[in-house]
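Number of protein chains: 2
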Amino acid sequence: MKSIASYPDGLSRRVVLSTLAALSVVIGSLAPTTTWAQSPTDLLPSWNDGKAKQSIINFVTTVTKDGSPDFVPAPERIAVFDNDGTLWSELPMYNQLAFALDRVKALSNQHPEWKEKQPFKAALAGDLNGIAASGLKGMIELLMATHTGNTTEEFEQIVSDWLSTARHPKFNRPYTELVYIPMIELLEYLQANGFKTYIVSGGGVEFMRPWVEGVYEIPPEQVVGSYVKVNYEVRDGKPVLARLPEVNFIDDKAGKPVGIHYHIGRRPIAAFGNSDGDFEMLEWVTAGEGPRLGVIVHHDDAIREFAYDRQSHFGKLDRGLDEAPKRGWTLISMKKDWRRVFGSQ
Amino acid sequence: MKSIASYPDGLSRRVVLSTLAALSVVIGSLAPTTTWAQSPTDLLPSWNDGKAKQSIINFVTTVTKDGSPDFVPAPERIAVFDNDGTLWSELPMYNQLAFALDRVKALSNQHPEWKEKQPFKAALAGDLNGIAASGLKGMIELLMATHTGNTTEEFEQIVSDWLSTARHPKFNRPYTELVYIPMIELLEYLQANGFKTYIVSGGGVEFMRPWVEGVYEIPPEQVVGSYVKVNYEVRDGKPVLARLPEVNFIDDKAGKPVGIHYHIGRRPIAAFGNSDGDFEMLEWVTAGEGPRLGVIVHHDDAIREFAYDRQSHFGKLDRGLDEAPKRGWTLISMKKDWRRVFGSQ
Chain D
1 MKSIASYPDG
11 LSRRVVLSTL
21 AALSVVIGSL
31 APTTTWAQSP
41 TDLLPSWNDG
51 KAKQSIINFV
61 TTVTKDGSPD
71 FVPAPERIAV
81 FDNDGTLWSE
91 LPMYNQLAFA
101 LDRVKALSNQ
111 HPEWKEKQPF
121 KAALAGDLNG
131 IAASGLKGMI
141 ELLMATHTGN
151 TTEEFEQIVS
161 DWLSTARHPK
171 FNRPYTELVY
181 IPMIELLEYL
191 QANGFKTYIV
201 SGGGVEFMRP
211 WVEGVYEIPP
221 EQVVGSYVKV
231 NYEVRDGKPV
241 LARLPEVNFI
251 DDKAGKPVGI
261 HYHIGRRPIA
271 AFGNSDGDFE
281 MLEWVTAGEG
291 PRLGVIVHHD
301 DAIREFAYDR
311 QSHFGKLDRG
321 LDEAPKRGWT
331 LISMKKDWRR
341 VFGSQ
Chain H
1001 MKSIASYPDG
1011 LSRRVVLSTL
1021 AALSVVIGSL
1031 APTTTWAQSP
1041 TDLLPSWNDG
1051 KAKQSIINFV
1061 TTVTKDGSPD
1071 FVPAPERIAV
1081 FDNDGTLWSE
1091 LPMYNQLAFA
1101 LDRVKALSNQ
1111 HPEWKEKQPF
1121 KAALAGDLNG
1131 IAASGLKGMI
1141 ELLMATHTGN
1151 TTEEFEQIVS
1161 DWLSTARHPK
1171 FNRPYTELVY
1181 IPMIELLEYL
1191 QANGFKTYIV
1201 SGGGVEFMRP
1211 WVEGVYEIPP
1221 EQVVGSYVKV
1231 NYEVRDGKPV
1241 LARLPEVNFI
1251 DDKAGKPVGI
1261 HYHIGRRPIA
1271 AFGNSDGDFE
1281 MLEWVTAGEG
1291 PRLGVIVHHD
1301 DAIREFAYDR
1311 QSHFGKLDRG
1321 LDEAPKRGWT
1331 LISMKKDWRR
1341 VFGSQ
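Heads up: the protein sequence lines correspond to chains D and H, in order. Quick note: the first sequence, position 15, residue 15 per this note's numbering, numbers continuous. When you read off a place in the second sequence, starting at 1, and then add 1000, the result is the number in this note's numbering.
Everything labelled a hint here was simulated from the structure, so no lab data went into it. Since the structure is predicted, the reported quantities are computational estimates derived from the model, not experimental observations. We treat Cβ as the ideally placed atom computed from N, Cα and C, and that holds for glycine. Accuracy of the hints is not assured; some may be wrong.
[Stated by the list, open to error] In silico DSBU-like links for lysine-lysine, alpha-carbon gap of 30 angstroms or less:
1. H:Lys1196 <-> D:Lys238
2. H:Lys1238 <-> D:Lys196
3. H:Lys1170 <-> D:Lys253
4. D:Lys229 <-> H:Lys1253
5. H:Lys1229 <-> D:Lys196
6. D:Lys229 <-> H:Lys1316
7. D:Lys238 <-> H:Lys1316
8. H:Lys1065 <-> D:Lys238
9. H:Lys1117 <-> H:Lys1316
10. D:Lys229 <-> H:Lys1229
11. D:Lys326 <-> H:Lys1238
12. D:Lys196 <-> D:Lys253
13. H:Lys1196 <-> D:Lys229
14. D:Lys238 <-> H:Lys1051
15. H:Lys1065 <-> D:Lys196
16. D:Lys196 <-> H:Lys1051
17. D:Lys105 <-> D:Lys121
[What the hints assert, rightly or not] Covered by chain H, per the in silico footprint, the following chain D stretches (three or more residues, Cβ under 8 angstroms):
18. 208-222
19. 327-337
Isolated chain D, as found in the complex:
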């Protein structure tokens, strides 16, 4: 089991892993030692040996070792993952923004005024600088116009339909295939070791929930993110949740520890991010008592994906790069630490 022959089609391996994981929970609860953590490297075949891989394995081995002073009981093994740039690609723009631009086009017939009105005019032209020029206010206007005015069930269908047809402009593949295989392996490795894995993203909760279970084996209830207000209404005797054009919570920067508190209610022991939007999340998680793991994915691979950090419009990584060493956070070099990035087509 040295490599995943094809992902996301390699379902049989996932089924095997899930069954093994379920068994390991039982074995772990009956016997004082688990055999799982003793050969963990098999589970990370797409990682090159090095400091990054080793720091992750050391951490997991430590917290799962029964009898060790650093042992952490399974219910407290909470690991949080940023999504954009940490689990899947976020350039040339956040995928949710690509979704919004496609929605502007799809809805433009009903809104002839958009041809002359910013930020919609820029959106129709695919002009990111023009959208950026409209500021946060313009961006929120764009998101509200393209994401709300429907019910939660309608929006879920819209997202699923878009994902089934949209293609990434550089890689010409469905966005859900542009997840990082080493991170998928890491999620499986943590799940097999009794961790509960959460997404904690600046992106919209309802943009992620329709597909994360199939792609990451993370159920919808383990997704924390930004969200709009919804209202409960009974229409012709049928209850619905109507999505209102009003931002309810922005799960970014200092909002991430807050979102974690609202939704999870205890401090995770491991956090994975890639940008300064994740800084406070890593800070909060690694400031807790006992063993902690903070990890930053550094995008330094222009050949296989993208190379960006301090100057990027999306996924800017500046303070995190400066402070990772002194805070004991692990930096993953996508170029050096990952044997491969995406699954084979």
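Chain D is already provided as a structure; the job is to place chain H on it using the hints.
For chain H alone, kept in the frame of chain D given last:
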């Protein structure tokens, strides 16, 4: 295993049940049939035979029967429970209000002005009518003054300390012993059948999270409720979450389906409540497709607990009583359906 000899001291039984439950998940995933659902009555020993018990067992048997057209995969077996009046007693007042009144007393030295100021004056006198006269605004003022101005970790400690010493005025027992044994059995029964059990309460999330795991085997992340805003701050290099005196979300009535959507993100298949505050939650859950279970605990047992419904200040049940039959919701008569109410002392 016909009765729990002593609860909450009967820990060994809980350990046995948990282990059996974990095993049943594995057995269920490996073998096409489960043996668990075929003798479920053993798990509800504190329930008298009757329509209520039978409707619950029928539902669970149906959705867990592999191959049946009504089979529901385990990840979708989400069950939501109101807390006050559904899992533990809520009279003579919500326990969280009793906590608030005790907090007013504890903090009154720092607030000499409270002696003459409502609703604090009424709170110091234990005068519920006086508090009620101050309206929703007064109630929120009381809650903010007694619940906020601290960090999340400080508040958790305050709640834990209070619960370890406070006693219920009628039963003279710790509040956490005034949970309903038949409902504890029901939680275990559902958990053993692959259900993920959530609390969805009008009460404060942070008032519940410190103790629900020990009492209900429901982890903190499976608690949905009302909550205040928190702010992420770094104080002397140490990050904290400061609790602000500002209501963020009220998880009651039409807020319950909304809270379920924000936190869980999929519609549960079973809902348990006791008051009209749970009406919309039951409506939302039972309006979904496929088999659904809606259950209302009717407090009609003045001897062993309390008898109240349409006229009660706390836990008023009016519309739910009227509409339960035509909506196919199950009514539990505490008096007739429960062999016992609380654990022995």
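Hint consistency between lysine 1196 (chain H) and lysine 229 (chain D) [alpha-carbon to alpha-carbon, up to 30 angstroms]: holds (25 angstroms)
Is the straight-line distance between the alpha-carbon of lysine 196 (chain D) and that of lysine 1051 (chain H) 30 angstroms or less? violated (38 angstroms)
For the pair supplied as a hint, lysine 1229 (chain H) and lysine 196 (chain D), is the alpha-carbon distance within the 30 angstroms limit? holds (25 angstroms)
Has the given pair, lysine 1065 (chain H) with lysine 238 (chain D), been kept, meaning a C-alpha gap of at most 30 angstroms? Roughly 28 angstroms separates the two Cα atoms, so the pair holds.
CA of lysine 105 (chain D) to CA of lysine 121 (chain D), is that 30 angstroms or under? holds (10 angstroms)
Would the hint linking lysine 326 (chain D) and lysine 1238 (chain H) be met if the CA-CA limit is 30 angstroms? With a Cα-Cα distance of about 15 angstroms, the restraint between lysine 326 (chain D) and lysine 1238 (chain H) holds, given a limit of 30 angstroms.
Straight-line Cα separation of lysine 229 (chain D) and lysine 1316 (chain H) no greater than 30 angstroms? holds (28 angstroms)
Are lysine 229 (chain D) and lysine 1229 (chain H) close enough, with their CA atoms no more than 30 angstroms apart? Between lysine 229 (chain D) and lysine 1229 (chain H) the Cα gap is close to 16 angstroms, so the pair holds against 30 angstroms.
Are there three or more residues in the region 327-337 of chain D whose C-beta lies within less than 8 angstroms of some C-beta in chain H? violated (count 0)
Test coverage of the region 208-222 of chain D by chain H using CB-CB distances below 8 angstroms; three residues minimum. holds (count 5)
Given the hint that lysine 238 (chain D) pairs with lysine 1316 (chain H), test it: the Cα-Cα distance must not exceed 30 angstroms. Holds, at roughly 24 angstroms.
Could you grab the alpha-carbon distance between lysine 1170 (chain H) and lysine 253 (chain D) and see if it respects the 30 angstroms cut-off? Given that 30 angstroms is the threshold and the Cα spacing comes to 48 angstroms, the pair is violated.
When each numbered hint is compared with the structure, violations occur for hints 3, 16, 19.
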